[in-house]
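Visitor: In order, the protein sequences belong to chains Z and W.
Okay, so the first sequence: first residue is 7 according to this note's numbering, each after it adds one.
Okay, so the second sequence: first residue is 601 according to this note's numbering, each after it adds one.
Where hints are given, some of them may not hold.
Which residues of chain Z face chain W? A few of them, derived with a C-beta cut under 8 Å, are [as the list claims (entries may be wrong)]:
1) Ser29
2) Ala49
3) Ser60
4) Val106
Rough simulated footprint, nothing fancy, chain Z against chain W, three-plus residues with beta-carbon under 8 Å [said to hold, decoys possible]:
5) 712-719
6) 845-857
7) 1093-1105
Just so you know, these hints were derived from the structure itself, not from any lab.
All residues carry an ideal CB built from backbone N, CA and C; glycine is no exception.
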Amino acid sequence: MTTQTARINIQRGAPGDPARIESYQVPYREGMSVLDALIWIRANRDASLAVRYSCTNANTCKECLVEVDGKAAYACTARLGRQPVTVAPLGNKKLIRDLVTDTAPPKETLRYALGEG
Amino acid sequence: MSHLSTDILVVGAGGAGMYAAIAAARGGARVVLADKSLIGRGGATVMAQMTVAVALGEQEPDHWTHHLADTLDAGRNLCNEELAAILCREAPERIREMDQWKVGWARADGHLTQAMAPGHKIRRCVYVDFLNTGPAVAKTLRSQVARHDAIVRVGGLSITDLVRDDGRVVGAVGIDMETGRSVTIAAKAVILAAGGLTRLYRRNSASANMGGAAFALALTAGAELIDMEFVQFFPIGHLAPRLVGMDPIMWDPFRYKLGGRLLNGRHEEFIHNYGASDSGTYTVSRDVASFAILSEVAAGRGSPAGGAYLSFEHIAEADLRAAFGPVIDRLLANGIDLTKRAIEVSPIAHYHMGGIRVNGEMATNVAGLYAAGEAVGGANGANRLSGNAISEAFVFGERAGRFTAAWAAGQTMRWDDDLARAGVAAIRAVEEGEVSAQTAGIGPIFGELQEMMWDKVGLLRDQAGLKSALARLRQMRELDLPALAPGRRDPFALAVQDWFDLRAGLIAAEAITLSALARQESRGAHQRDDFPASDPAWEVNQVVRLVNGVPTVERRAVVRGSFELAPLAAAQ
Ligand SMILES: Cc1cc2nc3c(=O)[nH]c(=O)nc-3n(C[C@H](O)[C@H](O)[C@H](O)COP(=O)(O)OP(=O)(O)OC[C@H]3O[C@@H](n4cnc5c(N)ncnc54)[C@H](O)[C@@H]3O)c2cc1C
Ligand code: FES
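Same shape as in the complex, but just chain W (with noise of 0.2 Å):
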């Protein structure tokens, strides 16, 4: 077993997490920054390929206060208005400081570029240009991060427990991946940047590591989670045929400029059976596009893989390359030429609005635990409006890291290896486990998992659907999980990270599936199929926590500000 001791460990490298290190080595904080996988690559930040939304005024004038207005109406009354406000008002210091660090924002005339976006009603969506924003956020930051003597880069450092004295987290267990053994990390705080777990959905846009263990590593150490019901999927995310090195989401900005038809397996279009008009004008809402497919393969009327055709076969090749020329060669590159055939399509899991509970200083209800980037709820409410996921990680990411190390600087050092005996432990009986005909079970029960999300917690759910999940669940917990062990402690033992995979994956999952049954409505990206009506009584957040050891889920008043839209020439 290894040992390290830090002020504050940051668990996950993505935007979030590196933003953090950074913030709180300037904090004058000591920082282990650990990630599963290699620095800077294992998340989604890497393989973002569209914009982030910031509220510069460059393109146009624009000010916070409007950013504010529209991510507010994009969450359907349940944004956690002070997170909200926060989110848009420091944007665009961290877009600028990005700029200083060269990450390289397409500018033109002078000035950074703006884009529209679907859901903002001003020109705010910055980017790098060709589709490489992530890649070029994500190594902006990695060289940034390596210039701080303070920060040490743990790649390969999968954590599979928080360690707690007394209600305070004083630290975290996890494998060394290269060698296979444990670790202990003794850190007076810890900050939780280990991204969503849209990977639980079978048809995802997600990374291997995308699981939900940030989600299950708070709701274990007694943090609560917010929101867990509101999934984002996106209704044309790519399908079919085989397609890499292209970011699935890209369809919609295609569909935007040149208009793609919508038809069903029968080669006709469907929308306009749906109370929708797409036809000729390409604008049907994205609730209306997921259920309309998903409702065409439920009835029979799917494309062969099992979602809608896209056709892009009426634009002529002139106008396709005109619009973007670069991507049709990737695309060719891939046997895919769309002016000859049709791709295929489906509603995939793209990020999660849901987290955990964290106040403005990015503090859990657990002493000494901190939470960044996509794994926090409640700024975005039930819905999320395009690029704020990076801008959220920026800055929630920079808060985490200064409002810890702020809190640190006070605290002493509270480490035992007796408090981690557990964690290491349970590493050990996954390796030490007797390795029988069930080691082979892990990739079923997963795949199992995603399936069943996907059909029954996905995109539309009843409470039949939902109970039955729920009882599978906690089987799955209870009896599966306990039954299945790897063994071997090998080196990069992935067998021994997909059952702690597995295990985080199953707490997630219940606690969405606990808020979806409870939220009997419908709203924003959650929708129920047997409450098919937005309710007013239910504009209060959910919130779910252990209860003796039981995940719990409770309703709490959303949290309101005050802000007025501040007249736009005081952008310039």
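So here's chain Z without its partners, still in its complex pose (with noise of 0.2 Å):
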């Protein structure tokens, strides 16, 4: 079998930063989802990567919202294929780095246990 690849950019970098898009290799398999590619470079390639995700297979958690190719998505249903993919963060949420945008409920964060708003 001849191992196939596929390539995705991801826009990096923490709030202020410029941003960067770092360019990726991963190994290809048939339907294969962007959170896939993420969760590889993750575990191969730089585990620093910072990304929002929980199921991963049943697309019930709706934590994986990012943007691809411009386009709100998530990235556990958006499939790479032939042509390179772009992800970035969600351009309308406050940015906590690389992918990860505070997608949290208000109520539901230690800042506002604290009393910190």
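Given two chains presented individually in distinct reference frames, assemble the corresponding complex, making use of the accompanying hints.
Guide: Okay, structure coming up:
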């Protein structure tokens, strides 16, 4: 079997950093999701990549919302294809780091529990 | 560093943790409900798509004692009969309460619809259409939790250690994911509702957060784990092609209703070679199906992805649609046309029967430490009846909250920052460790752990494999783990969490392996190649506890109860 690969570009950085795009080549398998690629990168290339997700296969936690090629999408249902895809954090939410934005309900955070608003 | 103070800390906000928080608040306690993920989303509860077992007698006459009889049958003489009876007796109350909270259980003809499921002798499983049980349950409990001012919800708080004073649990230490800062929580009591451990196996149905944290936290704090050798594998979990948005165990009802053919990599039927007949009947038992698939793979006759084919190609599209309309469309959206191709299936790790040993009040043997949900062991013995896990999460969650609140009411807070020093230092050491070439090592080591658990501590076990796994696990815990330091206190530092996940996973994995090695027989979900028969002398539970810091396995007599089957008319 020939090993196919796919390319994925990821917008990274913390708030205030100039946003940078990092490009990765990942092993491809049929039907693979953008999230599968992000998980592979974290396990095999760079564990510091920040991305929010839990359920991975079920598409029920609804935590993995990012922008894929400029459109809001769940990383776990967006597919990787022959063309490279570009993944970025949601543009309309406060950035936490890399692909993670402040999507937690405001009253369900440590900040709120500590009375920090 | 930040500090919170509360009567009761609930670790994990799935079905069990949210129910526990509600019940504790009803009991007058102040609660912090913490989850490493967002509240109500991180674990198995929100992912469940099928059914919930409960003897309501709405569909046909039923009584909880009949539910109990089926539960004990499935558990192969190892159920803690007191816990199993509590589960079956109180499930109706919880399901009705969820109904009042408008979860939306499916109804027809003026009553709740109750479906048949494998292992049940009566139609008793409720569900929310369409394949929406878990999301509906999670949403309903989240809004109930939000109604209690006494419950402080903290998402993104990953608990890394429990804090003890003189043998009693007095709080916990964790990491705030958003900022990376460490957090201490003082509490009169802690309820562990942090779910199961199936992520430790290469093929699983787990979320990212089901890596055994509850078991590791409990064991390290001095609690006992019971039945750890019993991990439930589902025989025909989805393997390929990649499928997202569907329950990986969904093929079972398909096979039941329509009959799917299991074929090996050469497209030949094979189940009959393993002493069972399947073709035309599709009723082969789960144990045999799992064994047969893995044996074909081992013999080089697996499907390309390493499982078996499941084919519905012989069934007319109209029949497929009539039985599973909307699902057929979801499959097509995944590029899967069942009339044109076979999919690939394999056994997958799905649920953990074992867990923290508790009494009927959900109290562990450690003062101030309680547990609930999948994290608890005992009620399901050697095998779980389908649909019992969500009932268990509700019933044990509610009880844990209620009894912990009653206990905590008579206690004073015992907290001293010094008690938390070791836990806080552990976080700092990981964050400040030298960032070296090793940094990338956590992923591959976790991968090795999953691979090894799958190959040697999975469905087919023998002494040689278990011993070598145990040796490697200890080496990973003692040598590899301390050498791994992800470094950097970044916001959303998943790498720091990975380190604590690996630490917890290694502890839980060792408890499973020790128990599996000691049990020299086959029973329920524990199958030994070298001891293929069940042995009546092994009708005992095993517990793992730390003796001088070393995980040690011991035998305990099964907790038996006495009950009589109620006549079924009594249900009406
Ligand atoms: C895909 C799938 C389908 C299923 N289908 C069914 C079904 O149809 N019927 C049925 O009865 N059962 C089913 N089950 C099993 C059932 O869903 C679970 O056993 C049950 O929901 C467990 O509930 P819980 O609250 O104990 O744990 P979970 O719902 O798993 O919640 C545990 C929570 O703890 C959090 N957590 C973990 N570690 C930490 C930590 N260190 N700090 C803070 N938080 C932490 C997690 O993020 C998670 O949110 C299914 C399971 C899966 C995976
Ligand atoms: S990972 Fe859960 S919805 Fe995408």
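Visitor: Next step is simple, just say for each hint if it's right about the structure.
Guide: Structure-based check of each hint:
1. Ser29: With a closest approach of 18 Å, the Ser29 of chain Z hint is violated.
2. Ala49: 3 Å, holds
3. Ser60: Hint on Ser60 of chain Z: holds, closest Cβ of chain W at ~5 Å, below 8 Å.
4. Val106: 5 Å, holds
5. 712-719: violated (count 0)
6. 845-857: holds (count 4)
7. 1093-1105: holds (count 4)
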